[in-house]
Amino acid sequence: MRLSKYLLLCGSLLFSHAAAAADLPQRWVSSGGSLSEWVVRLGGEGKLVGVDTTSLHPQTLRQLPSIGYQRALSAEGVLSLRPDILIGSEEMGPPPVIAQIKAAGIRIETLSAKPDLETLERNVLRLGELLGAPERAREEMAAYRQRLQRQADWVARVREKQQAPRVLMLLGHAGSNVMAAGKDSLAVWLIEHAGGESRTEHSGYKPISNEALLAMDPQVVIFADRSLHGEEARKALLQQNPVLQQTSAARDGRLLTLDPTLLVGGLGPRLPEGLAELSAAFYPSEQALTAKLDR
Amino acid sequence: MGVLLLLAFWLSLALGPVSLPLGDTLLAALRLMGLPIDGEGLQQAELILGQIRLPRSLLGLCVGIVLALSGVAMQGLFRNPLADPGLVGVAGGAALGAAIAIVGGSMIGGLPPALAPYLLSICAFSGGLIVTAVVYRFGRRDGQTNVATMLLAGVALTAMSGAGVGLFTYLADDATLRSLTFWNLGSLNGASYPRLWPLLLVTLGVAIWLPRRASALNALLLGESEARHLGFNVERIKLELVLCTALGVGAAVAAAGLIGFIGLVVPHLMRLLVGPDHRVLLPASLLAGASLLLLADLVARLVLAPAELPIGIVTALIGAPFFLYLLVRGRA
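Here the protein sequences line up with chains A and B, keeping their order.
Be aware that the first sequence starts at 1, since it is given in this note's numbering, and climbs by one per residue.
Be aware that the second sequence starts at 1001, since it is given in this note's numbering, and climbs by one per residue.
To be clear, the hints were calculated from the coordinates, so they are not data collected in a lab.
Every residue, glycine too, gets a C-beta built ideally from N, C-alpha and C.
A few of these clues could be false.
Far from chain B, some chain A residues (derived; all Cβ distances over 10 Å) [to be verified]: (1) ARG62; (2) LEU117; (3) ARG150; (4) GLU160; (5) GLN163; (6) ARG199; (7) GLU201; (8) ILE208; (9) PRO242; (10) VAL243.
Incomplete in silico selection of chain B near chain A, CB under 8 Å [stated by the list, open to error]: (11) SER1179; (12) PHE1182; (13) GLU1308; (14) ALA1320.
So that you can see chain B by itself, here it is in the shape it has in the complex (with noise of 0.2 Å):
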């Protein structure tokens, strides 16, 4: 697995519509570790490295191991294959706060265009945040959370927020309108430095903090009085779930807009390799999880070059298939 991520990253870094020669882009990579190397051609290869191609495999990283890694923390919380990071609503009010910032913004006569793509990105990651908050909230009972209300809300609050998506986009003019659209497919296109550090961060957090939990959600899987039983604080468990998806998912649609499917292919991917064990699955499914968006933003940068694809329909283009494929499989 490891050995994927590594290959899959280094293909991510040395392939692009412009062609590097391989020893370039080596040589612009120990430009940008700080040896001092000179040759003609390599100050282009050290930017498109270093402030291109660096930046977005970064972005690509982040965002591969938070979805896969809460798509796991859903799917054992909810008990449920087909739980994914969409379901505590956390997508949703991200799709909900991204089109209140570009329709609304673009009424207000158009925000100053330096702040534009970080009030985006706020107004995202807040409005996963709220909705995610909200479902909580409902599925709250004398001090209890219960999980199959909280799945309901889930559902019924992002009906809500889709309704709330399609008023903006009733309201929208034709140019936001596309704008909306294509946050609506993500893409890990225009990645810099000041955007990727919160991603990171919470990237960090989420994957040194939910493999500690590992033990805590394999007792999960036997159910809840079962875990109280083994002497996990259950209710507590819940909370940290919901709080890392909510954290981790609102950051990556933020910063890359909505990309479906890995949060619920690749944890399934895993168990079928590894075994549902959560001390395996985790780490498995953030390796796995990263090297598939990696590979699947390569594919969306490569096939139109020098357009290029909208993420979120490479990675349902391979996940939705495969989802299918799943399926049959477990029925046969």
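The following block holds chain A by itself, in its conformation from the complex (with noise of 0.2 Å):
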């Protein structure tokens, strides 16, 4: 008697696994950058049938259907794709379309972009159970995390015997008009995680104007921008801002290009190695933990 009852537990169980296997979404639409990132990190990318416009990296991303931007989505579009779930941050819209969708018969699950380890760590394992990979997700979160760990170790220590540069990020060079990163953005975070401080005041992204960028005489300017390639793209950059070509950063030849898709979307897969790399630029006489920034 209890051996067939606990048969018939096992049996149950095996079955539920299964079930729940079967279940498992298999045609996913990501909207938002450092989520469809986290699932090609978490060997989910054959598994997406449609990306937004803000899921550049990487590449081969760009091949997918687009449906468009994130708080802009098209009910029939994402339906077309026929997902079987749609993924994506709270900045995901306008709300009629994701009622509509979810009214489809189509899963949605909404996860944070707030950019804090906790969200991210809840975020990765839900991934991770949703492409049938819990333990990848378990193993990569544990070593994201670890790599952290040792950059805000490697941060502290240098501080104690330099003092931080002051750091500007710059997005859109174009002309004189450049935007400045200010408070609460990723740019500054990854600017103060990686050791540097950031002098500018207003929050978010904000047109600088050029005596503001020479009252803060910044040590350090990293350029938002992948076009920004080479020494002649820089020489060029400079020729046209005489104004940049006052400040320390570009006396002492310290102007860095970062890629920009890392600033979209919340804490993606590749931030510390973007950290490792900003900080061996900002403190250059230091034993860096990797060192492969194009400087």
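Using the hints, put the two chains back together into the complex; each one sits in its own frame.
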């Protein structure tokens, strides 16, 4: 009697497990740059059938059908990809469209884009479950935490010996109208966690005047622009913007570039590498965690 | 014209990024009307037709009708072929209202998501109404409405609203900035019945009421004093026309964002086809405005599928060259 009960239990457990595996969503649409990146990192790239316009990394994602900008999705557009699941941050919208997609029986998973580690851990573990790769998610997350910890330790150690450099991150270098990263932006979060100091007072990304730029006299300037590769491009930029040329950063040749896709949509899987590269550039005299930033 | 509208409406129901076989669309339509037909995939077809395409097409219908009719009303009132519904400040005011709702909402820490879309509509609607009321007030002097003053006041207030929108653009963070930009380009995306009803009522009101003022508009074409001598209460007519436009365009903009050029181009087009008599011009513009908007929306959602283009881009892209063509032709 007991044995049969046990067998029955075993059987039902097995069955429910198999059923759960079959229930996993197979066709994914991802709306949000860093979420798509995490899906790829957890081995789910083959399941993605559509992504939004902020999902730019890795390059292969650009081949997928685009569902448009995450805040202006189209219900029928998403439905036409016949997805099983739509993932996105709380920015995904507009709400009536999300309601329509939900009404069509598509599973919708909202994963917060808040830039803190607890949120990220919850998101990654959830993605792992949904992708049927919970182990891998746990491993990735543990490694991620470890790398950030090592980064924090490294910065703390260096800061005991050296003063933090004044760092300014600029977006959109066209002409004289540059936008500077301010408080509460992921850009400044990056600068600070890489051991730099941001002197901007505003929040978000705002145009900055040439005089303010001069007064701030940043020791390092980062351009969040991929097109600025190589010495030529940087020289041209300085010629266009003579004020920039007067800053310490330009005099010491400490103008860096950063992949702008790092700044979109919360904490992505490439963040630790990005931080380590920035740190290495902020403190060139120190033994770096990694050192391959183009400068 | 009527046939064109029916065709446009049908196309707008039958086509979309999700390709439904024609038979399914028909059966689903019958099911929506309450006939008990069962079949494979029909549930999905019914959902797409009933919850996504039908409200969207109805929204397009209403917006097109209101914008085109207001265009005729404005061109008649100002006796100026360049007049469009934006001239009395409705559009500028609505944009300012929307900017306040979008940016202000995110600055006080985000509105309850259930409320946010309605608040945006309400702010846009009242913004349009308030600015129009101010413009109208500026035009009034000694119990008379000076149309030229009103026109200039409209230009000035539109510029001021623009400055307001600019200020909010500066204050906005990245995400709200994108929302604002998209709103300014207009879209019929995400239409749903609860948001449709107010616009439907306003549209019905405007569509019934404006054509009854057709002979008054005809008289106005001759000039204000001539119209007065013909026995029309000119001041009343002016107030009615402005009110109609403010309500109609305000509601349309609140529901679908700023959609340009329909109000400007459609009346012109119809004047070429049916002549300047408002008794024919008004119904013709109504039909043409709705058809054009539905077709433009069709382009907007098909051309980039599964993503979609803001419809304001499509209407301006079709409308602006056509307008230029009219200008050149008029000169020759």
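Checked hints:
1. ARG62: About 13 Å separates A/ARG62 from the closest Cβ of chain B, which puts it past 10 Å; holds.
2. LEU117: A/LEU117 is indeed farther than 10 Å from all Cβ atoms of chain B, at 22 Å.
3. ARG150: holds, 30 Å
4. GLU160: The assertion about A/GLU160 holds, with a minimum of 35 Å to chain B.
5. GLN163: holds, 31 Å
6. ARG199: holds, 20 Å
7. GLU201: At roughly 15 Å from the nearest Cβ of chain B, A/GLU201 sits farther out than 10 Å, so the non-interface label holds.
8. ILE208: holds, 13 Å
9. PRO242: At about 25 Å from chain B, A/PRO242 clears the 10 Å cut-off, so the statement holds.
10. VAL243: It holds; A/VAL243 is separated from chain B by about 21 Å at its closest Cβ, greater than 10 Å.
11. SER1179: At 6 Å from the nearest chain A Cβ, B/SER1179 passes the 8 Å test, so the hint holds.
12. PHE1182: The hint holds - B/PHE1182 has a Cβ within 8 Å of chain A, the shortest such distance being about 5 Å.
13. GLU1308: holds, 4 Å
14. ALA1320: It is violated, given that the least Cβ distance between B/ALA1320 and chain A is near 23 Å, above 8 Å.
Violated hints amount to a single one, hint 14; each of the other numbered hints is respected by the structure.
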